[in-house]
Structures are given as structure tokens and as C-alpha cells.
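Residues per chain, in single letters:
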Amino acid sequence: DGGITQSPKYLFRKEGQNVTLSCEQNLNHDAMYWYRQDPGQGLRLIYYSQIVNDFQKGDIAEGYSVSREKKESFPLTVTSAQKNPTAFYLCASSIVTGTGGTSLHFGNGTRLTVT
Amino acid sequence: GDSVTQMEGPVTLSEEACLTINCTYTATGYPSLFWYVQYPGEGLQLLLKATKADDKGSNKGFEATYRKETTSFHLEKGSVQVSDSAVYFCALHISSGSARQLTFGSGTQLTVLP
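In order, the protein sequences belong to chains A and B. With the working numbering applied, the first sequence covers 1 to 115. With the working numbering applied, the second sequence covers 1001 to 1114.
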């Protein structure tokens, strides 16, 4: 079955360390996204990519970096510059069309805890 | 900018009770509207959507009607089950070139008691 795989499900790091979250999709979607979810705040967009080797900052990109070397993969690095990195991170993908109504497909998330 | 305002939770209901979760939006264009559901420990799943005014989205007994005159997309279900316990997110999307972004509400936690 097609879908989005995020790994690991839980991740623990010490403050000051960079950490990379994996996201892989086999839906043949062009667009991929990273969201951060905090309690009571809904989802906030970190980065998104519409094609390979291209990506754009979302609303809260500071302290994060991404790459899109393959269509299937969109890893997110949480750097030591991110001031409050503990959160639930969601990866998503979608097809790219010129019309509205296309929904996102989400992975099951990675819960990152930094102490 | 675009925004979505959801009814604040948490909401606690008994099984078979009626559910309404309010959602209103502000958008500069003509958005598509969505309801997503998030079960504990999982990502979001699309529950239903509507792409133009007066459209009704429906799925798993849930319904929502796109009301342009009141800029609303309220989620309703006539008889909830324990398995409906989850967080529900209202979202809108306005296509801007080839950009694909959603604006989410803050989510409403629903707990259904047996």
C-alpha cells in the first residue's frame, strides 16, 4: 500500500545536538511538507517542496533545514539553533495541480524530545 | 491573511449524542475547505472536504456544508461513538499558482464516553 513513512516514532536528543527526521513516500507525489504540532496550537508549516532540488520556507523555518534530493524523500534536520525543538513533527505529501481541493496525506509523525 | 477559527475544546459527549464543532474562516479568495481527524499517536487523515459554496462533504456519518454567506464549515454528526474520540482540525486551502499549503485551525479534542 502507498503511504508516507516517518521514522523513528520517538526520538530523544540532548540540547545542542542536531537531529534528522526521516520522511519517505511511495505515493509518487511531487509536493512534500513538514509541519510542527504543539498542544493547542494546531499545525504550523516549517518547510515545503514542490519539486526535487527545490524547497521553500514555511511560517517557522528558523532553526530547521531540509533537502529534497529524491522525489520520495524529504528529511528534516532540527539544528541546535532551534530554541524550543521538543514537539510532534508531521510530514505530508500531495499531488501538484492548478486547482484547489487536493488534500494532504500525512505520516504518523515523530515525537522529538530534547533535554 | 487566511485564517481558520475553530470551536475550542475539549468537548466531552456521551455515546449517541449529537456533535457540532464550529469552524469559521477568513480568506481573500475562494478556498477549498477540509476537516481532518487525528487519532491518538497518529498523523492526520482527511475526513471530508468541500470545494465550492453550498457543497456538502460527508464521510463516516460526519457532514459539513460550505456556507459562503457565513464563512463557515461546521462539522456535524448525529450520533457519536466511542471510536470517534480524536482531535478534529478544520482547514482551508487557496490555490496560489502551484503552491500547495493548508491553513489549519487549532484543533478540537473530542472525547466520547460509553
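None of these hints come from the bench; they were simulated from the model. Incorrect hints may appear among the rest.
What the hints assert, rightly or not - To give an idea of the interface, some chain B residues facing chain A are shown, with a C-beta separation under 10 Å as derived from the structure:
no.	residue
1	Met-1007
2	Ala-1091
3	Thr-1111
As the list claims (entries may be wrong) - Which chain B residues face chain A? A few, computed with CB under 10 Å, are given here:
no.	residue
4	Glu-1008
5	Val-1011
6	Thr-1012
7	Ser-1014
8	Ala-1017
9	Leu-1102
10	Thr-1103
11	Phe-1104
12	Ser-1106
Bear in mind the structure is a predicted one, so any value in this text is a computation, not a measurement. Quick reminder that beta carbons are idealized off the backbone N, C-alpha and C, glycines included.
Discussion item. For a quick check of understanding: which of the numbered hints are violated here, in increasing order?
Written reply: 1, 3, 5, 6, 7 and 8
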